[in-house]
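Listed below, chain by chain, are the residues.
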Amino acid sequence: DVKVTQSSRYLVKRTGEKVFLECVQDMDHENMFWYRQDPGLGLRLIYFSYDVKMKEKGDIPEGYSVSREKKERFSLILESASTNQTSMYLCASSFDRDRYSNQPQHFGDGTRLSIL
Amino acid sequence: GENVEQHPSTLSVQEGDSAVIKCTYSDSASNYFPWYKQELGKRPQLIIDIRSNVGEKKDQRIAVTLNKTAKHFSLHITETQPEDSAVYFCAATLGDSSYKLIFGSGTRLLVRP
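Read top to bottom, the protein sequences are chains A and B.
According to our numbering, the residues represented by the first sequence are 1 to 116, in order.
According to our numbering, the residues represented by the second sequence are 1001 to 1113, in order.
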């Protein structure tokens, strides 16, 4: 069974802090994703990575950056946290042999981040 | 930009009745359509998916239909049970790439015992 693990379930930080959210998957997936989930807005893609050291912006990348130094780990970084970044953050991963194989994404349990 | 619209936002049914959730997508190149179920406080979990070369797919009480011409797809749950109560999300690939999924805004399904 696929395991996607996010380092924290709940996190409270202060405005202006640099915040790191960590995600690890154990299935040797090429693709990893970061979403934020807000009521009534569904899941919105922040960044994704299709290989080590590769990243692409999603729909709402402003205020965020990512790092993928190892295949199993994908980090989301809030450079200077702001109150409008209070949200649920979900990490996901998927396996793709090639770009068009449409493999499902598997999600972690999420990190509920509060910025005070 | 491309989007996925999902309706209704909330749905309440009596146990044993059927539930239908509908989604429309804007990108005619989309070719993969997964459905996720998210119970309260838990991760979204894939319950069924369909590819663009198929019109319908069933898995026990769950079925998904796809109309490529109209660019809409639907989730059908028959003989609903209280444990079906959750938020359901539809999604569609952006173009023919499997990297990016665009999600609907979610449907909160309540099954009344």
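In short, the hints are calculated from the structure, not lab data.
Virtual Cβ for every residue (Gly too), placed ideally from N, Cα, C.
Any given hint might turn out to be false.
Stated by the list, open to error - Dumping the calculated PhoX-like pairs for lysine-lysine here, alpha-carbon to alpha-carbon at most 20 Å:
# : chain 1 : residue 1 : chain 2 : residue 2
1 : B       : Lys1100   : A       : Lys55
2 : A       : Lys3      : B       : Lys1042
3 : B       : Lys1058   : B       : Lys1100
Unchecked claim - Example chain B residues on the side facing chain A (calculated, C-beta under 10 Å, incomplete):
#  : residue
4  : Val1004
5  : Pro1008
6  : Ser1028
7  : Tyr1032
8  : Tyr1036
9  : Gln1038
10 : Arg1043
11 : Gln1045
12 : Leu1046
13 : Asp1049
14 : Arg1051
15 : Gly1055
16 : Thr1065
17 : Lys1068
18 : Lys1071
19 : Phe1103
Cross-check of the supplied hints:
1. Between lysine 1100/B and lysine 55/A, the direct Cα distance comes to roughly 12 Å. Compliance with the 20 Å bound is thereby established for this hinted pair.
2. Taken as a hint, the lysine 3/A and lysine 1042/B pair is honoured in the structure, with Cα atoms around 14 Å apart against an allowance of 20 Å.
3. With a CA separation close to 25 Å, the supplied pair lysine 1058/B and lysine 1100/B exceeds the 20 Å bound.
4. For valine 1004/B, the interface hint holds, since its Cβ comes within 10 Å of a Cβ in chain A; the closest pair sits about 8 Å apart.
5. With its C-beta approaching chain A no nearer than about 13 Å, proline 1008/B sits outside the 10 Å limit, and its interface hint is violated.
6. Because the closest C-beta pair between serine 1028/B and chain A is about 16 Å apart, greater than 10 Å, the hint is violated.
7. With a cut of 10 Å, the hint placing tyrosine 1032/B at the interface with chain A holds, because the nearest CB-to-CB distance is about 4 Å.
8. Contact between tyrosine 1036/B and chain A, as hinted, is supported at the beta carbon level, the nearest pair being about 8 Å apart and thus within 10 Å.
9. Hint on glutamine 1038/B holds. Least Cβ distance to chain A is approximately 9 Å, under the 10 Å limit.
10. A distance limit of 10 Å between C-beta atoms decides the matter here; for arginine 1043/B the minimum to chain A is near 4 Å, and the interface restraint holds.
11. Interface hint status for glutamine 1045/B: upheld, as the beta-carbon distance to the closest one in chain A is roughly 7 Å, under 10 Å.
12. Because the smallest distance between the Cβ of leucine 1046/B and any Cβ of chain A comes to about 5 Å, under 10 Å, the interface hint for this residue holds.
13. Because the beta carbon of aspartate 1049/B sits about 6 Å from the nearest beta carbon in chain A, less than 10 Å, this interface hint is met.
14. The interface hint given for arginine 1051/B holds, since its Cβ lies 6 Å from the closest Cβ of chain A, which is under the 10 Å cut-off.
15. The criterion of a C-beta within 10 Å of any C-beta in chain A is not met by glycine 1055/B, whose closest approach is roughly 17 Å, and the hint is violated.
16. The beta carbon of threonine 1065/B is not positioned within 10 Å of any beta carbon in chain A (closest approach about 18 Å), and the interface hint is therefore violated.
17. For lysine 1068/B, the suggested interface contact is broken, since its CB lies about 15 Å from the closest CB of chain A, more than 10 Å.
18. For lysine 1071/B, the shortest C-beta to C-beta distance to chain A is roughly 17 Å, which exceeds 10 Å, and the interface hint is violated.
19. Among the interface hints, the one on phenylalanine 1103/B holds; its C-beta lies about 4 Å from the nearest C-beta in chain A, closer than the 10 Å criterion.
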